[in-house]
Amino acid sequence: MFASLSERLQGVFAAVRRESKLTPETVESALRGIRIALLEADVNFKVVGAFIDRVRDRAVDRSVLESLTPAQQVVAIVRDELRTLLGSGSPGLSKAQQLPQVVLLLGLQGAGKTTTTVKLARWLRAQGRHPLVVSTDVRRPAAIEQLAALSGDAGIRVHEPDPQVGAVDRAQGAIEMASSLGFDVVLVDTAGRSHVNDELMGELEGLKASIAPSDLLYVADAMTGQDAIKSAGEFNRRLGITGVVLTKMDGDARGGAALSVVSVVGAPVSFVGDGERLEDLQPFHPDRIVSRILGMGDVLSLVEKTEQVVSQEDATRLKGKLQRNEFTLEDMREQLGAVKRMGPLDRLVDLLPGMRQLASHAPGEFDAGGLVRTTAIIDSMTVRERRRCQVIDGSRRRRIARGSGTTVQDVNRLLKQFMEMRRMLRAVGTTSKSRKKKKGGRRRGALDSLWLQAR
Amino acid sequence: MSVFNRLRNGLRLTTNQLSSLFANTVTRETGGLDGDVSGEGLVALEETLLQADIGVAATARLLEVAGSRGGTADVRSVVKAELRRLLDGTEGARPTTVRPRVVLVVGVNGTGKTTSVGKLAHLLNQAGERSVICAADTFRAAAVEQLEIWARRVGADFVRARSGTDPAAVVFDAISAGKARGRDVVLIDTAGRLHTHVNLMRELDKIRRVAGRVVSGAPHETLLVLDATVGQNGLAQGRAFLEAAGVTGVVLTKLDGTAKGGIAAAITSELGVPIRYVGVGEELDDLLPFSAEHYVEALFEPVW
Ligand SMILES: Nc1nc2c(ncn2[C@@H]2O[C@H](COP(=O)(O)OP(=O)(O)OP(=O)(O)O)[C@@H](O)[C@H]2O)c(=O)[nH]1
Ligand SMILES: Nc1nc2c(ncn2[C@@H]2O[C@H](COP(=O)(O)OP(=O)(O)O)[C@@H](O)[C@H]2O)c(=O)[nH]1
Ligand SMILES: [Mg+2]
Ligand SMILES: [Mg+2]
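Listed in order, the protein sequences are those of chains A and B.
Sequential numbering from 1 applies to the first sequence in my numbering.
Sequential numbering from 1 applies to the second sequence in my numbering.
A few of these clues could be false.
Said to hold, decoys possible - With a straight-line cut-off of 16 Å between C-alpha atoms, the simulated EDC-like cross-links for lysine to aspartate or glutamate are:
1. LYS416(A) with GLU385(A)
2. LYS230(A) with ASP198(A)
3. LYS46(A) with GLU293(B)
4. LYS46(A) with GLU46(B)
5. LYS80(B) with GLU293(B)
6. LYS80(B) with GLU46(B)
To be verified - One side of the interface only, derived from the structure: several residues of chain B facing chain A at Cβ under 8 Å:
7. GLU47
8. VAL56
9. GLN126
10. ILE149
Calculated from the structure, these hints are not laboratory results.
Just so you know, even glycine gets a beta-carbon here, dropped at the ideal spot from N, CA and C.
Please construct the entire structure, taking both the sequences and the accompanying hints into account.
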């Protein structure tokens, strides 16, 4: 019943796609679907609300509503808005104003701070920096040993005073050691704490005041749910976060927490952790998270592909033709060409939600062979035949079949499909003029996908 | 302090926020908790439940119930009762008289497995059961040292891996030791693993088979440790660990923060796995046996 996020969204977009034209009502129903999808991706409720409002504002714009490719438009808007949410600010660490640069890692218990400390040290070393790490976690059993062991594995220097030394002195000691030995960056691991533990939050404020870090990285578990907004918000309020590290991205969490955190903290995601090994740290790519949250990387890449192969003018021209019922075999060939340029057809069938079902209804027509055959048949026609298919009689059909290396049956089938298609496309054209809702059912929806997805 | 009070204190923030949200939304939309459940009221209620990470499925079910009895019933008690029914309706592991009883503790990274093993040993201790703690996390840096400190705090036997051996080998050693020394329980801490990593999940299967060879029916209980801050991914974790490791119960940790751990309700109702314990802090005695009544009561307690 509660399908995966990806299926749900594809369902939403397929429903939009079935509409020849968007109305405020269809937009609303799509937005409801998107809302649920985002909630299931763990994007915070309030963030979802604001997000939906923004998408609605843009989607009810006339140019979108009247577009011939409403589903594409909505996907594109959602994608853009998600990117905007995540994309501002520059990832990585700040430019060092003062050496050694001091970086403080903080967050809830078990988020991945200690591991990230060492991952980050390795990453910095690869950038030509000289990192020194120190643990200030004097609370969790064996936390200091954990950092020391990981650093040992990575060949990273650790400042390791007597276990009795307190958090602030440990951090200050590390900074002094760095200054005298020439390390240019000090990474300070902290004990995990709950944002509502006033005493521990106060301790962290004290630590910050005594070491004046230039970077405060909030380490957050990608699996976090609705609470992300509260914990990150409180850490930010009390300490001021400059960047976010999203860990455990190697799992199947949608990572919607990233959106929540970034939107309350206003700082960018600087890195993501995607494994337990120390090399598993990557500078952040907003796009990856966007497609992941939506669970529709494929749909997004389809949007991108159609944007690449079909120009806006072509789309407008086609729209006019449809409305004037002037769609010809030539146009069909052009469209097939566009579909072909988008990549191997069997891949495409999977990219387009609903296409699998259609392909199974009309076997052979949507595979690469069918496409080549169809194009070959049209290529063997005269210009006149392509523009006015009514003139294609029996003898012309035999000639075309010979010329294209196909059979008369193939030609007949193509012509029948074309007539059918034109009839349906005309229905689309008229509907969009008269605003009348037509029940095209699944078949028209699917044809819509084939033809109109390519604009 | 009574268990109920402890839980209430642990859950105070959670509940304050949830119940104030609840009160606000319901009052605003319906004119009082006892008022009509209008369409708007249900929408607000949906928001409240979703925000608790209860998830779309369980929320839909709760709303259905609230909606069907709308008009006259007190929405709040309807939802509370239904939530309790969801949480209560499942049985845990069958009780066993086998000694030692073997408890396997599993979960994704950083949820609180090691800490929970320590706390659980303490809880059992207090009930007069003596345990052996087994350090089968041979992967994470200093994981063995971490658990050893807990074992010392509790005064439980501790069995660590001979270096370079695999987790199943130390499990074998620990259960054998528990058997030889006549201990009541063997608690096995395992390395955190994401449920999507197939090889790591298979490792759990091997541990289970080895355990079953030493004591019949072992592991008798397999606890999935779930972080209360987890969102909808918790359900995927539940499914995967249920399938790969035969989870019989959930430990819901970190309830002392503001997270509600609502996805645990979905795990219980959809997978039929009960919540057995809740973690409400980092100290030895911060683990409480789960009670659906207290949990829901604490979650919805209006003023503290
Ligand atoms: N506030 C709070 N913190 C907890 C609770 N349970 C565990 N923790 C903390 O969460 C962090 C992770 O706990 P661990 O016991 O190391 O978790 P784990 O699942 O063994 O972690 P890995 O073995 O690294 O996967 C530690 O800092 C614990 O002190 C709890 O109920 N409340
Ligand atoms: N799978 C995975 N595990 C991670 C990642 N980052 C950290 N961990 C694990 O998460 C657990 C908690 O990490 P730790 O660094 O001790 O967290 P801390 O309590 O915040 O210092 C450990 O088991 C780590 O190995 C990651 O990106 N992916
Ligand atoms: Mg740590
Ligand atoms: Mg552990």
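Taking the least C-beta to C-beta distance, is GLN126(B) closer than 8 Å to chain A?
With Cβ-Cβ at 20 Å, over 8 Å, it is violated.
Hey, LYS230(A) versus ASP198(A), does the alpha-carbon distance stay inside 16 Å?
Cα-Cα ~14 Å, so holds.
Is the interface hint for ILE149(B) satisfied, with its Cβ closer than 8 Å to some Cβ of chain A?
holds (4 Å)
Between the alpha carbons of LYS46(A) and GLU46(B), is the straight-line distance 16 Å or under?
holds (13 Å)
Taking the closest Cβ pair, is VAL56(B) under 8 Å from chain A?
Given a least distance of 6 Å, the restraint on VAL56(B) holds.
Minimum Cβ distance from GLU47(B) to chain A below 8 Å?
Holds - the Cβ of GLU47(B) comes within 8 Å of chain A, reaching about 6 Å at its closest.
LYS80(B) and GLU46(B) were given as a pair; does the straight-line alpha-carbon distance stay at or below 16 Å?
Status holds; Cα separation ~14 Å.
Hint consistency between LYS46(A) and GLU293(B) [alpha-carbon to alpha-carbon, up to 16 Å]:
violated (30 Å)
Given pair status - GLU293(B), LYS80(B), alpha carbons within 16 Å:
holds (9 Å)
Hinted pair, alpha-carbon criterion (16 Å max): LYS416(A), GLU385(A). Please report holds or violated.
Since the Cα atoms of LYS416(A) and GLU385(A) sit roughly 15 Å apart, the hinted pair holds (cutoff 16 Å).
Checked against the numbered hints above, the structure violates hints 3 and 9; every other hint is satisfied.
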